[in-house]
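Protein chains: 4
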Amino acid sequence: MVKYSVIGSVGYVCGEMLRMLVAHPDVELVSLLDSYGYDLPCWEHFPHLKGFYDNKIEELTEENVRAAAKASDVVFIQVPSGDVTKWAKIILEEDAGIIDIGADIRFRDASVWEKWYGAKHPDPQLTHDAVYCIPEIMRDLAKGKKVIANPGCYPTASTLALYPLLKEDAIVENTIVIDAKSGFTGAGRRPAMNKLITEAENNFNAYALGGSHRHTPEIEQNIAYITGKDLMKPETWQFINFQPHLLPTVRGIEITAYATLNKEYTNEELYELYSKCYENEPFVKVYPSDKPVCTKWAYGTNFCMMTPTYDARTHRLIISSVIDNIGKGAAGQAIQNMNIMFDMPETTGILFPAIYP
Amino acid sequence: MVKYSVIGSVGYVCGEMLRMLVAHPDVELVSLLDSYGYDLPCWEHFPHLKGFYDNKIEELTEENVRAAAKASDVVFIQVPSGDVTKWAKIILEEDAGIIDIGADIRFRDASVWEKWYGAKHPDPQLTHDAVYCIPEIMRDLAKGKKVIANPGCYPTASTLALYPLLKEDAIVENTIVIDAKSGFTGAGRRPAMNKLITEAENNFNAYALGGSHRHTPEIEQNIAYITGKDLMKPETWQFINFQPHLLPTVRGIEITAYATLNKEYTNEELYELYSKCYENEPFVKVYPSDKPVCTKWAYGTNFCMMTPTYDARTHRLIISSVIDNIGKGAAGQAIQNMNIMFDMPETTGILFPAIYP
Amino acid sequence: MVKYSVIGSVGYVCGEMLRMLVAHPDVELVSLLDSYGYDLPCWEHFPHLKGFYDNKIEELTEENVRAAAKASDVVFIQVPSGDVTKWAKIILEEDAGIIDIGADIRFRDASVWEKWYGAKHPDPQLTHDAVYCIPEIMRDLAKGKKVIANPGCYPTASTLALYPLLKEDAIVENTIVIDAKSGFTGAGRRPAMNKLITEAENNFNAYALGGSHRHTPEIEQNIAYITGKDLMKPETWQFINFQPHLLPTVRGIEITAYATLNKEYTNEELYELYSKCYENEPFVKVYPSDKPVCTKWAYGTNFCMMTPTYDARTHRLIISSVIDNIGKGAAGQAIQNMNIMFDMPETTGILFPAIYP
Amino acid sequence: MVKYSVIGSVGYVCGEMLRMLVAHPDVELVSLLDSYGYDLPCWEHFPHLKGFYDNKIEELTEENVRAAAKASDVVFIQVPSGDVTKWAKIILEEDAGIIDIGADIRFRDASVWEKWYGAKHPDPQLTHDAVYCIPEIMRDLAKGKKVIANPGCYPTASTLALYPLLKEDAIVENTIVIDAKSGFTGAGRRPAMNKLITEAENNFNAYALGGSHRHTPEIEQNIAYITGKDLMKPETWQFINFQPHLLPTVRGIEITAYATLNKEYTNEELYELYSKCYENEPFVKVYPSDKPVCTKWAYGTNFCMMTPTYDARTHRLIISSVIDNIGKGAAGQAIQNMNIMFDMPETTGILFPAIYP
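Going down the list, the protein sequences come from chains H, P, F and S. Counted the way the working numbering counts, the first sequence spans residues 369 to 725. Counted the way the working numbering counts, the second sequence spans residues 369 to 725. Counted the way the working numbering counts, the third sequence spans residues 369 to 725. Counted the way the working numbering counts, the fourth sequence spans residues 369 to 725.
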């Protein structure tokens, strides 16, 4: 029985983790901590969980974190950028594992984080030592490690979509364009005018226009990893275009990736290549070119689904890949990484289909 | 007073045209014709128009078309692919003008249509002689003409987004990628399972995956026109990637276009370039890079709004452009073209802001 | 040319008023004032209005209000409960008219307001003297008056639905139940968690459960007025059940009213009765029992549409009535009342159909 | 291990049952049959289930039904009104149990069905003998029975909301008004114009206006049962108003019920009364008056959640009750009834929280 706590527990990711873990036979909740909304029963924040968890949210203090860590095998963390290392230190002193949902320790070279997040990294050694893990590609790195950086939502959908062809060395450098779309849970639970249903419904728009979104270098680091570049030499990585948009939906990410290929494929050959690459992966599903994947097929799940195609006129790959941004894009993958950390079967508790429609 | 009739009048485009024309001071409706839902008052199809129009839908027969054309100055046509020329012949015999909402006569060279629509073109001479007109770029071509092909929705948003830089010869050939998203009115009013609210809400997906959408060559023809290529030699045109997606919204198109530029720009310089290019265009609005345009800003209007940016890392333009697919993308532009045809000010009846939120 | 200003000008009602007034030939905007978001061009708050209005939002100060009132014929006010009289005093000193969108001066007897709003009324004389006006029922009261209280959204839809039968004295006292549903623009533009698209989409719930909504006594006052009760003796009025709910939509109110009738009707007789009652009203449309009205038919308009039916088994009226809550329910009716105040045709600028779909 | 088959298997209810049963440890699927869409793998109809079920849909023929029934312990049926008895006969011959999702056998007295469904009942004896079972109220009736009529969605939410006060004999006869709202899955998966996202989004309307919805007598039968009336004497039952509306959502029913009470309550007393009544029911949750239930709290589940209140001014109960129409309103309750039929714990496989948000 793995005992777990959560720091940053009134947002959507924790709510989803709690929902999913109802079905996990081998975990036990210790503490929920947050600097907001504490001293309330957790069902005040998550009314759908009434009757499933009795915990009160505890105030996020050093003392409470230490007590939680002492009683836990692992602590999930989701806090604002730059705040992880403070809590990580305490947790590691108490010898619990860490799965960080945020971006603080996703980069091996702290300078990449510093450039894109515009601040000095509080603990370059920690981010250097942490393991970033998309299980389908990097699970071996994570075995036996105590600190796992859970990947971002866009990078998960994007990297899994490019991986089979990157592995084949079939993508021409500097030609990758990723046009990404996310539902509003990706923007968090804090009220803001642009997230109101009145403003968001029947609307669609780009944001971080022009290449400034912080998930860009995370995808570039993944590409560098897959193509064998040195992760400590970011100056050798290739650049991509990554442009996100906001969907008027609750959940769901779709990315359409374009890349010039150095070989010719038919749609059928691409389908075969992808199916073979992922044939042993329970959470990746590949569809033929006449079945473009729908975000709704992955609603509430840990699946990544994709439809690869080839445009022979332009010699470009066009692939559509979908995940649930708070499923495989956050909570689901965090549980998958926890399963890896504690040597449980990866699918434990998270192999269930989408709610549809 | 311009007298008009509509062939294909129970769908969304005709409904929108009727709505807009309530405010047009110089038009008068003669006949509404359709092969479906006829003999009913038009408000049975458009309950929001009850009290504004008394017309019954008439059956679409040769006799009725001839009578309508005889009494009209112009006939708007929206019929299935391949059916226009049959009605066009009758209308032209009665000396009325034609504005065709569909794609039958959009290509100067019928062979392009034949390749993408998979059929023999019924009247190559008519499509050769017709005028295709995005007014902001081609209005001079349309003056005094009797047959105007109204542009497609995606090509309108895409072409207006690329035009200022194509004119400058700043776009590197064969580098254009257009990722497009449309609300469901773009898919018409005929019931189908994927359009049900149960299937479509909270969903998002690509369609015509891999470069097979029929608006692709229409955009390529527009690029060829702007860059001075011979429209009768399609083999000289450049290829683009055009990939459409379905938004869970009623109206609205957003396209994000990517293209490698052969000059360096700042975001501010792009904003200036675009603003200057469109400074006299009442229906185009340009926004600075920190204001990505929203489909909702154009809801129910004839506007095209756009935010151009430059990604210096990849030397690529990233531009977001929005229209209402049944406004500027169909009904609004058709009225704008009618205004041109009859030498009325282009803005007559259609210069009103979006309903928001 | 009627000159107007608006106090409380960054919310949805002002945005809608400005949108509608683009089409009004006889008005001119003087000033937009607010205590929030001032010193910005109004299109920063209403991007869809860019190019239509050049005004900057001015800070809401006594000095600015006085200057605006001096230059205006009428000032529209929408401020928090209890704040109207402060501004009203200045405006009346400058001899401009007032149309108040809020609830401060809707009750003839200040004690009703005090009971439901839980505060001492700041100016009982003003509310006593003001005119409350649903034009279809009370327009004669408003002629020549300087201070008009614009009705609430729910009371407008509810009162117009009951009026024809109340006039006939056909409704049994104390049997009225009104089940009301509103889109989220009715809850304003200020961010709050329950209004986020993530929380609101695919959701529906009652609020103010158990009879506590403040529009209840407004409807009761209207019923008292129509049935000839003394508005200064609220203890003689009948009680109703009024229960509101939140729809996951942007705009639109539907109310279903139930009431025991003291006469028998067929559905057809009810349709006749209602049609006759409203035959000269351009903004009320009655539909037969097999055409239940849809909120979407009134989207963005000043119409109230209704379908009355009779359940012979239970001897009860069941009527469905719809409006756009920020159209006929706020901005549209305010303009209608302005037209009355200045002796213009009531339909000026606001007789246009819904945008559909 | 209970072996089950499904007749009518390409619609939303079967899809939901299959999704839920993935988590049920003691069932095994035998056959999926339908007269539409057969010979396709079931994931063509339910792409989210790819990898979870390998079954092909079989054609709905007498032969196939007999084979399925022979190999099954229970057959779930969802077919058009009037068609059940044909299949029931075969299934009973093969000694399998039946859970009917439709309305054919919901009434003890076939004359009620005949009046509301406008046809001669094909098998009055079967409907007389069948057991109608909302488990929280009638589970004892169902023990050991072979034919269970699964309740309708609206009647489930309505009856559970009224049950505690009906049991107390606290509701004045002939005063019940139920205003009901349902998401579009309640209208099935067959394409129709009013269900298109373009028509349905941002819309809301009543339907079956005036008391004609077929769930009315089902609720009246439930009230008669709870209050001790003879189910074979429908002329002694009380009449209610039941008025449904269509929500622009995928799932979710909310009903607001109004009824004059013959005793006075505070909100707190009602909360106690309801909490006590349902304290041993795992699928019913009661909330205090300041927490109106949300359809989203029950999304994808077998829960019924409710908030009872009392309006002292009008002496009326106002209660809001929510379910997921294809969860507790159909598939979930069908599984609950199957668990009863086979003496498994009622919660097996269906005690999981909503997906939220």
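A portion of the hints provided could be inaccurate.
The list treats identical chains as one, so a pair stands whether inside a single copy or across any two.
[As the list claims (entries may be wrong)] Calculated pairs, DSSO-like style, for lysine-lysine (alpha carbon to alpha carbon, straight line, at most 30 Å):
1. K418 - K644
2. K631 - K514
3. K418 - K488
4. K659 - K483
5. K418 - K659
6. K457 - K644
7. K631 - K511
8. K371 - K597
Keep in mind that the hints were calculated from the coordinates and are not lab data. Everything numeric in this text was worked out from a predicted model, so none of it was measured.
Results of checking the hints against the structure:
no. : hint        : in the structure
1   : K418 - K644 : between (43 Å within a copy, 17 Å between copies)
2   : K631 - K514 : neither (41 Å within a copy, 49 Å between copies)
3   : K418 - K488 : neither (41 Å within a copy, 40 Å between copies)
4   : K659 - K483 : between (40 Å within a copy, 23 Å between copies)
5   : K418 - K659 : between (39 Å within a copy, 13 Å between copies)
6   : K457 - K644 : neither (42 Å within a copy, 48 Å between copies)
7   : K631 - K511 : neither (35 Å within a copy, 48 Å between copies)
8   : K371 - K597 : neither (37 Å within a copy, 54 Å between copies)
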